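Construct the complete structure from the given sequences, taking the supplied hints into account.
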Amino acid sequence: MRSYTLVELVMVIVILGIVAAIGAPVLLETADAWSLSSRFQNFAVQSAIVAMNRMDRDIRRLKNDSSITNATLTELTFVDLDNNTIAYSRSVGNALMRNSDGLADNVTALTFTYYDDNGVSVSAPFSSPDTNIRRINVGFSILAGTNTLNFSFQTRPQNLRRESEKFK
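Numbers in this note's numbering are just positions in the sequence shown, counted from 1, shifted up by 202.
No lab work stands behind these hints, which were simulated from the structure alone. Note that the structure is a prediction, hence the values are computed from the model and not measured. Any given hint could be a false lead.
Restraint ranges, calculated between C-beta atoms of paired labels, are given here [as the list claims (entries may be wrong)]: (1) Leu345 - Thr271: 29 to 37 Å; (2) Met213 - Ala311: 16 to 24 Å; (3) Leu229 - Asp319: 57 to 65 Å; (4) Val322 - Arg241: 37 to 45 Å.
Even for Gly, the Cβ is constructed at its ideal location relative to N, Cα and C.
The following block contains the structure:
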């Protein structure tokens, strides 16, 4: 029966120690990079959730059929129930803007899609005096480190009447 000598066991332990000493910094750098990337992504998701909640709340408070003053693929401007004018757009510096306030940074895209009473996308929505918009889909992308995260939500302004309700 063959067994290992104490010298052989010590040599194996020394070699494992050298390999661990060389490999540990590489593993720590990888873990730190992953942690930093994860923090960027968590921050981006949190700011997107805050922005979506704010936009949804504001759009739902749209005043009436004639309160949308600008509805394009990249901008939406309207008057809310308190007669405040609210404009959503993307700034030159890649921020999602509510009037002059930034809601989220590193926004690489912002799109609005408008739908009529029948759920059909309206390519050229009209605003005043009576809009043909009944639902709004908002989509935007945020750069989180090297990843682009896409977000979207759909909302229905509460005070917009359907076509069939306008003549009652």
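Against the structure, the hints come out as follows:
no., hint, result
1, Leu345 - Thr271: 29 to 37 Å, "30 Å, holds"
2, Met213 - Ala311: 16 to 24 Å, "59 Å, violated"
3, Leu229 - Asp319: 57 to 65 Å, "59 Å, holds"
4, Val322 - Arg241: 37 to 45 Å, "42 Å, holds"
Checked against the numbered hints given earlier, this structure breaks only hint 2.
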